[in-house]
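Participant: Here is how the chains run, residue by residue.
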Amino acid sequence: MRVHPKEILETIKMVSNENLDIRTVTMGISLRDCCNPDIDAFNNNIYEKMTTHAQDLVSTAEEMQSLYGIPVINKRLSVTPISIVAESCGEDDLTSVAETLDRVAKDVDVDFIGGFSALVHKGMTRGDAALINSIPKSLSGTKKVCSSVNVATTKAGINMDAVAQMGHIIKKTADMSKDDGGIGCAKLVVFANAPEDNPFMAGAFHGVGEPEVSINVGVSGPGVVNSAVRALNDPSLGDISESIKKTSFKITRMGEVIGKEVAKRLGAQFGVLDLSLAPTPAVGDSVAAILEAMGLESCGTHGTTAALALLNDAVKKGGSMASSSVGGLSGAFIPVSEDADMIRAVQRGSLSLDKLEAMTSVCSVGLDMIAVPGETSASTISAIIADEMAIGMINRKTTAVRLIPVPGKDIGDVVEYGGLLGTAPVMAVNNFSSEQFILRGGRIPAPIQALTN
Amino acid sequence: MVSNRFIITAIGVDKVGIVAGITQKMADYNVGIIDISQTIMEDMFTMIMLAGVEEDNFDLSSFQKAMSETGKMLDLDIRVQNEDTFRFMHRI
Numbered sequence: 001m002r003v004h005p006k007e008i009l010e011t012i013k014m015v016s017n018e019n020l021d022i023r024t025v026t027m028g029i030s031l032r033d034c035c036n037p038d039i040d041a042f043n044n045n046i047y048e049k050m051t052t053h054a055q056d057l058v059s060t061a062e063e064m065q066s067l068y069g070i071p072v073i074n075k076r077l078s079v080t081p082i083s084i085v086a087e088s089c090g091e092d093d094l095t096s097v098a099e100t101l102d103r104v105a106k107d108v109d110v111d112f113i114g115g116f117s118a119l120v121h122k123g124m125t126r127g128d129a130a131l132i133n134s135i136p137k138s139l140s141g142t143k144k145v146c147s148s149v150n151v152a153t154t155k156a157g158i159n160m161d162a163v164a165q166m167g168h169i170i171k172k173t174a175d176m177s178k179d180d181g182g183i184g185c186a187k188l189v190v191f192a193n194a195p196e197d198n199p200f201m202a203g204a205f206h207g208v209g210e211p212e213v214s215i216n217v218g219v220s221g222p223g224v225v226n227s228a229v230r231a232l233n234d235p236s237l238g239d240i241s242e243s244i245k246k247t248s249f250k251i252t253r254m255g256e257v258i259g260k261e262v263a264k265r266l267g268a269q270f271g272v273l274d275l276s277l278a279p280t281p282a283v284g285d286s287v288a289a290i291l292e293a294m295g296l297e298s299c300g301t302h303g304t305t306a307a308l309a310l311l312n313d314a315v316k317k318g319g320s321m322a323s324s325s326v327g328g329l330s331g332a333f334i335p336v337s338e339d340a341d342m343i344r345a346v347q348r349g350s351l352s353l354d355k356l357e358a359m360t361s362v363c364s365v366g367l368d369m370i371a372v373p374g375e376t377s378a379s380t381i382s383a384i385i386a387d388e389m390a391i392g393m394i395n396r397k398t399t400a401v402r403l404i405p406v407p408g409k410d411i412g413d414v415v416e417y418g419g420l421l422g423t424a425p426v427m428a429v430n431n432f433s434s435e436q437f438i439l440r441g442g443r444i445p446a447p448i449q450a451l452t453n
Numbered sequence: 001m002v003s004n005r006f007i008i009t010a011i012g013v014d015k016v017g018i019v020a021g022i023t024q025k026m027a028d029y030n031v032g033i034i035d036i037s038q039t040i041m042e043d044m045f046t047m048i049m050l051a052g053v054e055e056d057n058f059d060l061s062s063f064q065k066a067m068s069e070t071g072k073m074l075d076l077d078i079r080v081q082n083e084d085t086f087r088f089m090h091r092i
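Protein chains in written order, with the working numbering: chain A, 1 to 453; chain B, 1 to 92.
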């Protein structure tokens with residue numbers, strides 16, 4: 001049963017040279033018992049509940065980092081969608097709730113809180129409308145609050161009224177944070193088939209089917225997979241798939257042991273382990289680099305979708321063999337601004353928005369951290385969202401859009417966000433109008449795939 | 001149940017007194033050696049030790065700090081990690 005010295009050194013190399021990390025330990029907290037008709041009382045309730053449950057999250061995650069010698073990068077919280085729990089307040093402006101969440105984040109020292117969210121795939125209640133209308137002010141006025149809106153599911157179809165509205169909300173959010181390159185939009189995701197237990201931001205929330213408190217863990221390691229693929233000597237695509245599977249198996253096992261121990265120490269239920277290759281701006285810690293290691297001259301050229309399909313599937317297979325708790329998004333992320341080789345691919349003209357859209361049909365999420373010209377119309381943004389939602393709806397998968405129409409910037413400009421959010425090159429959108437289509441509103445009916453009962 | 005055994009790795013340039021320096025510090029903290037191996041990998045001296053502690057309230061973080069200071073003195077990169085990290089990753 002002894003572990004071989006070579007295996008020990010392999011693990012150490014993954015951490016020290018290849019950026020293997022626990023990207024996030026995210027505590028989900030139900031706020032369903034915090035409702036109150038008085039919004040001040042409601043804010044007090046959520047502050048008390050969250051700070052009580054999360055007071056030891058950061059110190060426990062740091063203990064785990066020390067015990068196992070694997071870095072835990074972010075500690076986060078997710079909560080029941082605020083549109084549901086704040087609805088009985090009867091207020092039209094929910095900014096004070098976002099401010100309360102931001103205060104919680106500061107006081108328990110977590111990196112982000114997700115759940116300033118609404119689920120409107122079939123229609124909107126008064127609370128949903130209040131939340132959505134509060135997004136621009138809330139995201140520009142807070143630092144650590146993340147927001148998501150689910151506008152489509154395979155079972156319900158696409159709520160095109162919500163899609164149309166989100167175009168305007170994204171524009172307004174960018175405008176209200178224009179001094180920081182529209183950074184408010186980096187904290188806002190529009191979803192199809194949003195998972196209720198995803199630990200990654202900006203889309204994390206604590207779904208209504210979740211327990212009182214849960215721990216979900218996000219493990220990442222594009223750098224490890226990239227090194228494993230590059231170490232192969234003239235491999236076939238089957239060899240590459242095999243190598244990725246083995247690597248993701250190892251990463252997942254390591255994540256599970258840490259996740260279960262964190263949950264145990266905090267008295268919370270262990271939810272899911274989300275193995276997602278989430279790139280960082282660090283050299284080699286890149287999903288585009290993995291695709292290029294497979295033999296593509298530059299990410300985005302013909303063959304990219306096929307290579308990404310292979311990668312995403314092998315990651316899932318390795319992960320699902322390693323743990324029974326694999327869930328959330330689990331696959332490969334393609335956030336442009338956060339991936340150094342993807343940025344380079346955009347800048348040298350090999351990667352376009354259209355190709356990214358095709359790639360999202362075979363990877364785990366969607367059009368992520370993409371900067372577009374500030375002049376892009378709300379209806380064009382809505383139409384980009386609609387396309388992405390259609391891919392999710394028809395393929396029974398999660399898709400998402402996190403676009404930033406950067407005020408005052410145009411194609412070829414570069415926006416610096418810093419930290420994990422990276423550097424975004426402003427990408428071209430199609431200049432023909434989609435306005436009439438978006439203005440029609442209504443709902444795209446649930447597809448035939450929904451009729452499974 | 002978290003294991004009470006740790007893997008200590010020291011990687012760096014070979015010189016006299018490495019093992020003595022490390023084991024002395026381990027003795028100070030009442031940490032026992034279960035197994036030890038040394039090898040030269042990619043021109044680097046690499047020592048891997050399986051170590052065990054008996055106490056339930058072992059102060060891991062101060063031991064890690066002491067080991068990392070020892071590492072600085074000997075010009076080595078020393079890590080102390082719970083053996084579960086490796087056991088779970090490489091064994092089913």
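Everything labelled a hint here was simulated from the structure, so no lab data went into it.
It is possible that part of the hints are untrue.
[To be verified] With a straight-line cut-off of 25 Å between C-alpha atoms, the simulated DSS-like cross-links for lysine-lysine are: (1) Lys65(B) <-> Lys397(A); (2) Lys72(B) <-> Lys6(A); (3) Lys15(B) <-> Lys137(A); (4) Lys355(A) <-> Lys122(A); (5) Lys15(B) <-> Lys6(A); (6) Lys13(A) <-> Lys15(B).
Participant: Confirm or reject each hint.
Facilitator: So, going through the hints one by one against the coordinates:
1. Taking the CA atoms of lysine 65(B) and lysine 397(A), the gap is about 46 Å. The hint is violated against a cut of 25 Å.
2. With a C-alpha separation of about 24 Å, the suggested pair lysine 72(B) and lysine 6(A) falls inside the 25 Å cut-off, and the hint holds.
3. Restraint check for lysine 15(B) and lysine 137(A): the C-alpha separation of about 61 Å exceeds 25 Å, so the hint is violated.
4. Under the criterion of a C-alpha separation no larger than 25 Å, the hint pairing lysine 355(A) with lysine 122(A) is inconsistent with the structure, at around 29 Å.
5. Pair hint lysine 15(B) plus lysine 6(A) holds up; C-alpha atoms about 22 Å apart against a cutoff of 25 Å.
6. Restraint check: the Cα-Cα separation between lysine 13(A) and lysine 15(B) comes to about 23 Å, which is no more than 25 Å; the hinted pair holds.
Of the numbered hints given earlier, the model fails hints 1, 3 and 4; all others are met.
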